[in-house]
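Student: For the protein sequence lines, the chains are A and B, in the order given. Our numbering puts the first residue of the first sequence at 1492, with every later residue one more than the last. Our numbering puts the first residue of the second sequence at 1492, with every later residue one more than the last.
If you are wondering where the hints come from, they were derived from the structure by calculation, not from laboratory data. As the structure is a prediction and not an experimental result, all values here were calculated from the model. The reader is advised that the hints may include incorrect statements.
[As the list claims (entries may be wrong)] List time: in silico DMTMM-like cross-link candidates among lysine to aspartate or glutamate, alpha-carbon distance up to 20 Å: (1) 1660/A <-> 1697/B; (2) 1638/B <-> 1695/A; (3) 1780/B <-> 1695/A; (4) 1705/A <-> 1493/B; (5) 1639/B <-> 1756/B; (6) 1764/A <-> 1756/B; (7) 1605/A <-> 1637/A; (8) 1705/A <-> 1622/B.
2 protein chains.
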Amino acid sequence: MEISTEKTRIGFIGLGIMGHSMAGHLLDAGFSLHLYNRTKSKADDLVERGAVWEDRISDLAARSDIIITIVGDPKDVEKIYLGPSGILENAGQGSMAVEMTTSDPNLAQTLFDKGLEKGIQVLDAPVSGGDLGARNATLSIMVGGEKKTFEEALPVLEIMGKNIVYQGKAGAGQHTKMANQISIAAAMVALCEAMAYVSRAGLDPETVLTCISKGAAGSWSMDNLGPRIIKGDFAPGFSIKHFIKDMGIALESGKTFDLDMPGLDLALSMYRKMAEKGLGEDGTQGLYKLYESKE
Amino acid sequence: MEISTEKTRIGFIGLGIMGHSMAGHLLDAGFSLHLYNRTKSKADDLVERGAVWEDRISDLAARSDIIITIVGDPKDVEKIYLGPSGILENAGQGSMAVEMTTSDPNLAQTLFDKGLEKGIQVLDAPVSGGDLGARNATLSIMVGGEKKTFEEALPVLEIMGKNIVYQGKAGAGQHTKMANQISIAAAMVALCEAMAYVSRAGLDPETVLTCISKGAAGSWSMDNLGPRIIKGDFAPGFSIKHFIKDMGIALESGKTFDLDMPGLDLALSMYRKMAEKGLGEDGTQGLYKLYESKE
C-alpha cells in the first residue's frame, strides 16, 4: 500500500485522551479521517474540523484503507476486531490495521493470523509517552508484524510519534511494551520507598535528589515523578488503574513462558492495594502514599 | 581549621580500590599524607610517592589534622574510631575526621557525639560513583555533620569528588547514601526481570532498549548495565556482596523509624540467594542470572 493524503482513507477507533490527540494530528496532516468511538460526543470537535463520523465499526472498516485502533483493554480490542461486525470481517482485502492499544501479545498474534486469512495486514503498535507525548506527537511506538507492513505504515506513524522502532514479528510490539512496563513496575516501588525513607530520616528531599539523581540511582521516574512526590502532586501522568491493567497483562504473558517476576508481582499487589483504597485515579507516583499510612 | 597543602597533614585509613585512588589524589594535590591500612603492602606505591606509613592508628590520628577513613563496614568503622587505640581517643583537639565508608547512620551520630566531647569534628561523607568515580575524582559525596565543618573540609573533598552536597546534621550523609541504595535495589530487580522477559519473548534486546530507554522506563541502570547483561558481562562495577552489606544497613535503619520497605526486602532476599550460589563477586547486574535458572 502506498500512503498519500489524497488517496489514503484512515479509520480511527478510540478517542480517549491519547486517541483524540493522535486522530487530530492525522486530520491536520490532511488525511480523510473516519471516526468511531463508544461515546460519540468525543468526536464532535474532530467532525467539525472535517472528520467523518461512522455509526458502525463495520462501515468504518469498509470505508478505510488503514484502520487505527487505540481502546481500553484486550477485551475491547477483541470486541472491535473479531466477530461478524468487527474490523477483520469488514475491512477490504489489502487494507491495513494498526492496533495501538496496550494489549495482550498473544491476542496481537491472533489478530495478525486472522488478518492474514482475510488479506488484511495487522500491526501491533502500542505506544509510550502518555497524553503529553500524544499531544506533542512525540510518542514512542513499538511495532510488531511484517516488516514490509511496518515500512508502509511508517509515514502515518511518524505523524503521531517520534521514536518508532520495528521490534519483530506479530506480538513483538506488545512484548516490548510489556518489557517497558515491567522495567517501570518495581522501579516505582524503589523510588517511592526511597522517598519515604528520606522523609522519615528528616532529610531535605530536594537536596537528596540533587545529589543522587545524577548517579547510579538516577532515572526518568526520579527526575520526573520525584519532584511531584515532594510537592504532594499525585495527579496522573499515567494512572494507577491503567498501570494495573498493563501489569496484569505482563504477568499473564510472563506465565506463558514460565517466567516468575517477583518485582512485578510485588508492584502489582501494592498498586492493587491502592486501587482498593479508592486511589486508582492517582498517578503512579501515588504509590508513595502507601508508605505514609501504617496499617 | 584552615586548609593548606603546606600546613594541613592528612591521615588516610583504608586503601581498598576506592581509598587507594582517593589517597593518591590527595598526594598529587601536595598534601602531607599519613597512611594506615590493614594490609600494609597496599600502601607501598603511595609511600614511594612520598606518603608516610604509620604502624598504628593512634599514631596516625595524633599526627594528622584531618583523618579520612573509608573501610569495609560499620564494624570496621567502630574498630578504628572507638576504644583506647582508636581515632577519637588519639586525635588532637581541633582536628577533623571525615568518615567516608558506607555505614550505619546511627553510628555516624555516635561518632559525631563522641568527637564533640573530645573537641574533634566528625563528618559522615559516604560516596557513590564506584572505582571509576574514585579514579577520576568524580565521586558524589553526601555529607552530614556541622555545616561549618563541611565548609572547612570542602577543599579536601573537592580533590576526590565532584557532586559534593551537604545534607544536614550528623548521619544525614549516611541516610542519603541509604536512600541512594534503596532507589537502586528494587530498580535492579525491575531491570533484570524486564531483560529476562525480553529474552523469553524472543525479542532483540538491543532493539528493545533503543526504544524503551528513552522514555519513562529509562534509567542509569538501563543505560549502563542493560548492555552488559546483553553481552553476558557480569563483572562488578559494584559487587553483589557490597550491595548486600549496604541493603542490610538500610533495612536496619528503616526499622528505626518503623518503615517497611518491601522492594528493598525483595531485592535483598534475591541478592542473598545469589551470594549463596557463590555469585557474590558478580556485579549487581548479575541478578539477571536468577531469572535464567529455574529452581
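Student: Tell me, in ascending order, the numbers of any earlier hints that this structure violates.
Tutor: Of the numbered hints, 3, 4, 5 do not hold.
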